[in-house]
Each structure stands twice: as C-alpha cells, then as structure tokens.
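Go ahead and model the full structure; you've got the sequences and the hints to work with.
Spelled out from the first residue to the last, the chains are:
Protein chains: 2
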Amino acid sequence: MRGMVAWLQRLLICITLVLAASAMASADPLPSWDDSAAKQSIIAFVDAVTTLGEDYVVPEERIAVFDNDGTLWCEQPIYFQFIFAIDRVKALAPEHPDWKDRQPFAALLADDMKGLLASGEKGLGEIMAATHAGSTTEAFAATVSDWLSTARHPRFNRPYTDLAYQPMLELLAYLRANDFKTFIVSGGGVEFMRGFAEHTYGIPPEQVVGSSGATKFQLGPDGKPEIVKEAKVEFVDDGPGKPVGINRFIGRRPIFAFGNSDGDQQMLEWTAAGDGRRFVGLVHHTDGVREYAYDRTSPIGKLDKALDEANTRDWTVVDMKVDWRKIFPFD
Amino acid sequence: MRGMVAWLQRLLICITLVLAASAMASADPLPSWDDSAAKQSIIAFVDAVTTLGEDYVVPEERIAVFDNDGTLWCEQPIYFQFIFAIDRVKALAPEHPDWKDRQPFAALLADDMKGLLASGEKGLGEIMAATHAGSTTEAFAATVSDWLSTARHPRFNRPYTDLAYQPMLELLAYLRANDFKTFIVSGGGVEFMRGFAEHTYGIPPEQVVGSSGATKFQLGPDGKPEIVKEAKVEFVDDGPGKPVGINRFIGRRPIFAFGNSDGDQQMLEWTAAGDGRRFVGLVHHTDGVREYAYDRTSPIGKLDKALDEANTRDWTVVDMKVDWRKIFPFD
Numbered sequence: 149m150r151g152m153v154a155w156l157q158r159l160l161i162c163i164t165l166v167l168a169a170s171a172m173a174s175a176d177p178l179p180s181w182d183d184s185a186a187k188q189s190i191i192a193f194v195d196a197v198t199t200l201g202e203d204y205v206v207p208e209e210r211i212a213v214f215d216n217d218g219t220l221w222c223e224q225p226i227y228f229q230f231i232f233a234i235d236r237v238k239a240l241a242p243e244h245p246d247w248k249d250r251q252p253f254a255a256l257l258a259d260d261m262k263g264l265l266a267s268g269e270k271g272l273g274e275i276m277a278a279t280h281a282g283s284t285t286e287a288f289a290a291t292v293s294d295w296l297s298t299a300r301h302p303r304f305n306r307p308y309t310d311l312a313y314q315p316m317l318e319l320l321a322y323l324r325a326n327d328f329k330t331f332i333v334s335g336g337g338v339e340f341m342r343g344f345a346e347h348t349y350g351i352p353p354e355q356v357v358g359s360s361g362a363t364k365f366q367l368g369p370d371g372k373p374e375i376v377k378e379a380k381v382e383f384v385d386d387g388p389g390k391p392v393g394i395n396r397f398i399g400r401r402p403i404f405a406f407g408n409s410d411g412d413q414q415m416l417e418w419t420a421a422g423d424g425r426r427f428v429g430l431v432h433h434t435d436g437v438r439e440y441a442y443d444r445t446s447p448i449g450k451l452d453k454a455l456d457e458a459n460t461r462d463w464t465v466v467d468m469k470v471d472w473r474k475i476f477p478f479d
Numbered sequence: 149m150r151g152m153v154a155w156l157q158r159l160l161i162c163i164t165l166v167l168a169a170s171a172m173a174s175a176d177p178l179p180s181w182d183d184s185a186a187k188q189s190i191i192a193f194v195d196a197v198t199t200l201g202e203d204y205v206v207p208e209e210r211i212a213v214f215d216n217d218g219t220l221w222c223e224q225p226i227y228f229q230f231i232f233a234i235d236r237v238k239a240l241a242p243e244h245p246d247w248k249d250r251q252p253f254a255a256l257l258a259d260d261m262k263g264l265l266a267s268g269e270k271g272l273g274e275i276m277a278a279t280h281a282g283s284t285t286e287a288f289a290a291t292v293s294d295w296l297s298t299a300r301h302p303r304f305n306r307p308y309t310d311l312a313y314q315p316m317l318e319l320l321a322y323l324r325a326n327d328f329k330t331f332i333v334s335g336g337g338v339e340f341m342r343g344f345a346e347h348t349y350g351i352p353p354e355q356v357v358g359s360s361g362a363t364k365f366q367l368g369p370d371g372k373p374e375i376v377k378e379a380k381v382e383f384v385d386d387g388p389g390k391p392v393g394i395n396r397f398i399g400r401r402p403i404f405a406f407g408n409s410d411g412d413q414q415m416l417e418w419t420a421a422g423d424g425r426r427f428v429g430l431v432h433h434t435d436g437v438r439e440y441a442y443d444r445t446s447p448i449g450k451l452d453k454a455l456d457e458a459n460t461r462d463w464t465v466v467d468m469k470v471d472w473r474k475i476f477p478f479d
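Protein chains in written order, with our numbering: chain F, 149 to 479; chain S, 149 to 479.
Please note that the accuracy of each hint is not assured.
Put simply, identical chains are the same to the list, so a pair is met inside one copy or across any two.
[Claimed, not checked] BS3-like mimics (lysine-lysine), calculated; alpha carbons at most 27 Å apart, straight line:
#1 Lys380 <-> Lys364
#2 Lys270 <-> Lys364
#3 Lys469 <-> Lys453
#4 Lys248 <-> Lys329
#5 Lys450 <-> Lys372
#6 Lys450 <-> Lys364
#7 Lys270 <-> Lys238
#8 Lys364 <-> Lys453
#9 Lys372 <-> Lys453
#10 Lys469 <-> Lys262
#11 Lys329 <-> Lys372
#12 Lys450 <-> Lys270
#13 Lys364 <-> Lys329
No lab work stands behind these hints, which were simulated from the structure alone. Every value quoted in this text rests on a predicted model; they were computed, and no experiment measured them.
As structure tokens, this is what we get:
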C-alpha cells in the first residue's frame with residue numbers, strides 16, 4: 149500500500165514538474181531582461197548546449213558559476229558582509245572596553261570611516277577576526293541569520309536579501325530548469341553566504357564556494373563535538389583564487405560564468421578557455437538612478453581589466469541601465 | 149514545436165523514472181545484504197526520515213557521507229592510491245636517473261618494501277610529491293584515468309574499480325532513490341578519487357571531499373589558463389579533518405555516515421551529535437576468505453577506538469562475513 153501511495157505521489161510530482169517546465173518553456177523565462185543582445189546571447193547559449201547537436205553538453209557537465217557581490221546582489225555603498233562586521237563590532241563593544249582606545253575599533257565605534265579605512269588591510273583583518281572567529285560554526289550561522297532578519301540597507305531601507313537582482317534570480321531559475329547546476333563562487337565568506345544563499349537564490353550550502361577562515365574540530369564544554377572558527381585566513385576566493393576554488397570545490401570546469409569585477413577575471417578566463425561552447429558574462433553597473441553606476445575607478449567592485457578583456461572577446465557585457473527592465477524584485 | 153517535443157521528452161523521462169522508482173520500492177533495494185540487524189537498521193532509518201512524522205527530514209537535509217578506502221572499495225594490501233604512486237615512480241624513473249641512488253626512490257625501484265617503509269612519512273611525502281605534483285590538473289586526471297584502465301589488483305587480478313563493494317553500491321543507489329545526496333569524505337586525494345567516483349559510484353566530482361595539495365592558476369606556455377598541482381599539502385581530510393572538511397565543502401551536518409576505521413571516528417561523532425534521528429555505520433572487515441580480515445592492529449584501515457565507541461553506542465557495525473552475501477560485483 150505504502151509503495152502504491154509513494155508511486156502516485158511521485159507521478160503527481162512529476163506531472164506537476166512537467167507542466168511547470170513546459171509552461172516555462174512557452175512563457176518568457178527572463179521577463180525582467182530587455183529583449184536585447186545580452187538576453188539573446190544567454191538564450192542562444194542555453195538552447196545550443198541543451199539541444200542534441202555539435203554544442204550539446206550532457207546535464208552533469210552543465211556547471212554554472214556566479215560571483216555574488218555585484219553580480220547576484222548589490223555591493224554598494226560597501227560589501228554587505230563588511231556592514232555585518234561593523235554592526236557586530238558595535239554589538240560586541242560592551243564586552244571589549246579596550247576597543248574605545250584601540251584602532252581600528254575606536255575609529256569604527258566613532259563612525260570615523262576615514263580613520264577606519266586608514267587602518268588598511270591590517271585593520272580590516274582585525275575587524276574580520278574579531279567578528280568572524282572565536283565562535284562555533286552553528287553560533288555564527290545563528291548570528292548571521294539574526295542580522296539578516298533585522299539589518300536594513302542604508303539607501304533602500306530594506307533587508308539586504310531584498311537587494312538580489314530580479315534578472316539574475318530569473319537567470320538562475322532558467323538555468324536550473326535546463327538542468328544546470330548553479331554555484332556561487334565569490335570572495336565573500338562562505339559561512340556568511342550560506343546564511344542566505346539557499347533561501348534567496350535557491351543555491352544550497354554545498355554549492356557555495358567562498359573565502360574561508362580556518363576551523364577546528366573539538367569536544368565542547370558539554371562533551372559534544374563542535375567546529376570552532378579560528379582567526380587564521382584559510383582561503384581567499386578572489387582573482388586567481390577563483391579558478392583554484394572551482395577546481396577544489398567543484399572539480400569540473402564551468403561552461404557558464406557570470407561576474408562583475410576584475411576579481412572575476414581569472415574565473416571568466418578559466419571558463420572561456422574550456423573546449424566547446426561557453427558563456428561568459430559581466431554585469432556592468434551603469435544605472436545610478438535605480439542602483440549605482442561605477443566601474444574602472446570604484447574602490448568596491450572595480451571593473452577595468454576584465455571590461456577591456458570582455459570587449460576584445462565575445463563575452464556578454466550586461467548594461468544594467470539598458471538590459472534590465474527591473475533590477476530588484478520590489479521595483 | 150520544439151517546446152512540444154521537450155514536453156513529451158520530459159514526460160517520457162518522468163514516467164520512466166516513476167516506473168523505475170516504484171519497481172525499486174517493491175523489490176528488495178539491498179539484495180546483497182543478508183537480512184540481518186545491520187540491513188534492518190538501514191531500512192528502518194531511511195523509512196523513518198522519508199515518512200512524514202517526528203523523524204521526517206526534508207530532502208535538502210538528507211546528506212549522506214561515506215569514507216572511500218575500506219568503506220566503498222577495498223584498501224588492501226595497501227591503499228590503491230599508494231600503488232598508483234609506486235607505479236608512477238617506476239614509469240617516471242627513466243626521466244630521473246638520480247632516483248636509483250636516492251631514497252626512498254631507490255628502495256621503491258628495487259621493490260624493497262621494507263626499505264621503503266623505513267623512509268617513513270618523509271619518504272612517503274617525497275613519493276607523493278614526485279607523483280602527484282608538477283603537472284596540470286587536466287594532465288593528472290588523464291594519468292589517473294590511464295592507470296585505472298590498465299592496472300590490476302595483485303590478488304584479484306582485476307581493475308581496482310572492480311573492487312567496489314556491491315552492498316555499498318546498492319546502498320548508495322537506495323539512498324539516492326530516497327532523495328539523499330551522497331558524498332565521499334575520504335583521506336584519499338580528491339583529484340585521484342574524482343577520476344573514478346562518478347563512473348564507479350555515481351558520485352559526481354563536486355560531491356567528492358578528500359585530501360588535497362595546493363594548486364596554482366597560471367597562463368600556460370601557449371597562453372592558455374591552466375591549474376598546476378604543487379608539492380605543498382593543503383588539506384588532510386582524515387580524523388578531525390573530516391568534520392572540518394564536511395563543514396568546509398558541504399556546509400551542512402550529515403544525517404547518515406559510514407566509515408570503517410579510526411580515521412572516520414570524528415566524522416561519525418559529528419554526524420551522531422546532530423539533532424534528530426541519525427544513522428552511523430562502520431564496516432568491520434571480518435572476511436579473510438572473500439576479502440581481508442583486519443581491525444585493531446592493522447597498519448592499513450586500523451579499526452580500534454571507533455569500534456569501541458560503536459559498541460558503546462547505537463552505531464551499526466557491519467560484520468562483512470555475515471552481513472554481506474556478496475562482496476564484489478564479480479562474486
């Protein structure tokens with residue numbers, strides 16, 4: 149009897165999926181994309197690799213990788229994870245009275261951004277260590293989740309996860325509907341991103357590749373095993389680190405890659421250099437009204453060398469202002 | 149028209165899957181397992197977490213992890229990857245005339261296993277570096293693939309991939325049919341295991357977690373991007389390294405874990421310590437006739453502390469001789 153019920157459940161699920169899939173196939177899968185060259189290049193690629201023919205790619209090899217900050221969600225006025233770190237320093241300050249007289253914490257607590265930036269990489273490292281290390285992985289995940297549910301973006305006054313790009317959410321769903329496996333490959337902290345990637349993008353934790361600190365397995369005070377986050381940086385998933393991270397965590401070369409800054413250049417080159425048809429895309433932030441306009445000289449998400457390379461090759465450059473009818477789900 | 153064809157293709161695939169699934173549901177999913185307590189504990193667990201009720205687990209959380217050497221395939225008379233390394237030293241020897249007079253290579257080339265083992269960890273490290281580093285990841289994958297297609301196990305005189313355990317192949321398929329995502333978490337080299345895991349176990353490269361050496365992204369002589377394997381050890385996925393690797397690569401705690409040696413103990417503890425119902429299993433090599441019999445004093449796959457812990461807890465210990473009707477697919 150159980151078997152019969154399970155049989156019917158599966159058949160029902162399948163028919164639903166098929167109807168949904170065929171509905172998607174007939175409707176426009178990318179409604180927030182203007183019907184421009186960028187959108188056409190995406191659809192032409194997906195049709196080519198999913199249709200039996202010279203460009204056909206078996207589903208197992210349909211690996212798509214996406215940078216996160218500035219590609220899947222907004223990264224201005226500064227990386228959201230850094231805002232999380234700033235909020236954490238303020239929340240933890242009462243337990244650290246010495247921070248009032250110690251840089252870079254003193255500058256941060258006084259909202260002195262100039263002084264904070266003056267502390268440079270070393271200062272940034274101290275802030276990341278103070279806010280991302282010392283707790284168990286489970287306690288950290290809870291902290292990230294609390295922050296995401298309460299923090300608001302200074303300009304849009306919405307939860308940061310509302311600032312995912314609607315056209316990219318449609319692209320992720322379109323690729324998965326065509327049997328692609330979608331991955332994040334980002335310089336952001338892997339445990340920070342895993343706090344929202346599944347809910348916001350439909351990307352499960354095991355498909356999130358990012359920068360990470362060292363961790364240690366130990367028996368906790370209660371004798372229960374736990375994994376503790378340490379202050380030591382273990383892997384920086386940026387620049388040349390991105391293809392290295394792809395090789396380490398995914399173990400196959402992607403056939404589809406999307407980024408938005410020079411930190412994505414080597415990931416895009418690695419993807420483009422594979423045999424067979426490939427798709428390589430860049431988001432160019434050109435819309436200062438609906439989002440932000442920045443590229444070659446921006447301290448955040450600098451897009452200079454990669455833009456030059458894209459222009460000399462057949463990479464797809466998305467002009468946000470022109471190619472995206474809608475930027476955020478709430479627009 | 150294309151949409152219609154795709155629609156029909158999908159429906160056909162689905163109906164096939166449903167029929168297959170329901171066929172499996174009715175037939176015995178684990179025919180090579182004796183109808184003993186071990187088999188019953190597996191089926192009871194899978195029924196519990198896949199049936200709506202207090203033990204139900206949503207499919208996304210159905211993470212199952214398996215050690216490889218001695219758990220999914222044979223590890224005697226010595227880890228197969230070490231035999232690969234030995235064969236590689238012999239194949240590369242002509243390019244390294246100095247090896248004839250340099251330990252540990254001289255001992256290895258003279259088939260002096262005693263002398264080779266006398267070189268200890270340092271010697272083993274030199275052999276691994278000489279055989280696993282210096283090439284691109286793609287060249288290394290080709291070397292592994294060539295070796296797997298030609299090398300033969302000294303006792304069974306078959307390709308090493310024939311020495312996967314039939315009962316575990318059935319278990320992997322049974323778990324996947326119940327919407328589990330199956331991962332390898334092994335001390336073996338990740339790039340070595342990725343050379344056969346998909347074909348032999350149906351586990352894709354991105355679900356293989358293992359030990360690894362550092363790699364470097366660079367532009368090759370032809371100006372094409374490449375990833376080169378370096379001699380530096382980057383991560384040892386053994387003992388406490390296994391839960392660390394699970395956290396780093398999978399990002400969720402498994403609900404099902406299977407191992408066979410003390411190197412798996414912390415992975416099993418980490419799995420067992422999660423909330424809700426868990427399955428923890430150990431393969432005990434008790435069949436010297438059909439395979440090998442070894443445990444507490446074996447230099448390879450030593451099973452001592454983990455066996456004691458299993459006996460004091462509700463872990464499932466598989467008695468190979470009694471619980472497995474068939475060990476290898478060719479039996």
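We went through each hint and held it up to the structure:
For the homomeric pair Lys380 and Lys364, the shortest alpha-carbon distances inside one copy (11 Å) and between copies (21 Å) are both at most 27 Å. With identical chains, the CA atoms of Lys270 and Lys364 are at most 27 Å apart both within one copy (23 Å) and between copies (25 Å). Taking the shortest alpha-carbon separations for Lys469 and Lys453, only the intra-copy value of 21 Å comes in at or below 27 Å, while the best inter-copy value is 62 Å. Taking the shortest alpha-carbon separations for Lys248 and Lys329, neither the intra-copy value of 47 Å nor the inter-copy value of 48 Å comes in at or below 27 Å.
Taking the shortest Cα distances, Lys450 and Lys372 sit within 27 Å of each other only across copies (24 Å), while inside one copy they are farther apart (45 Å). For the homomeric pair Lys450 and Lys364, the shortest alpha-carbon distance between copies (24 Å) is at most 27 Å, but the shortest distance inside one copy (34 Å) is not. Taking identical chains as interchangeable, the C-alpha atoms of Lys270 and Lys238 lie at most 27 Å apart only when both belong to the same chain, with a minimum of 19 Å there against 48 Å between chains. Taking the closest pair of Cα atoms, Lys364 and Lys453 come within 27 Å of each other only across two copies (21 Å); inside a single copy the shortest separation is 38 Å, beyond that limit.
In this assembly of identical chains, the alpha carbons of Lys372 and Lys453 lie at most 27 Å apart only when taken from different copies (17 Å versus 49 Å within one copy). For the homomeric pair Lys469 and Lys262, neither the shortest alpha-carbon distance inside one copy (31 Å) nor that between copies (70 Å) is at most 27 Å. Taking identical chains as interchangeable, the C-alpha atoms of Lys329 and Lys372 lie at most 27 Å apart only when they sit on different chains, with a minimum of 25 Å there against 35 Å within one chain. In this assembly of identical chains, the alpha carbons of Lys450 and Lys270 lie at most 27 Å apart only when taken from the same copy (21 Å versus 45 Å across copies).
For the homomeric pair Lys364 and Lys329, the shortest alpha-carbon distance between copies (25 Å) is at most 27 Å, but the shortest distance inside one copy (30 Å) is not.
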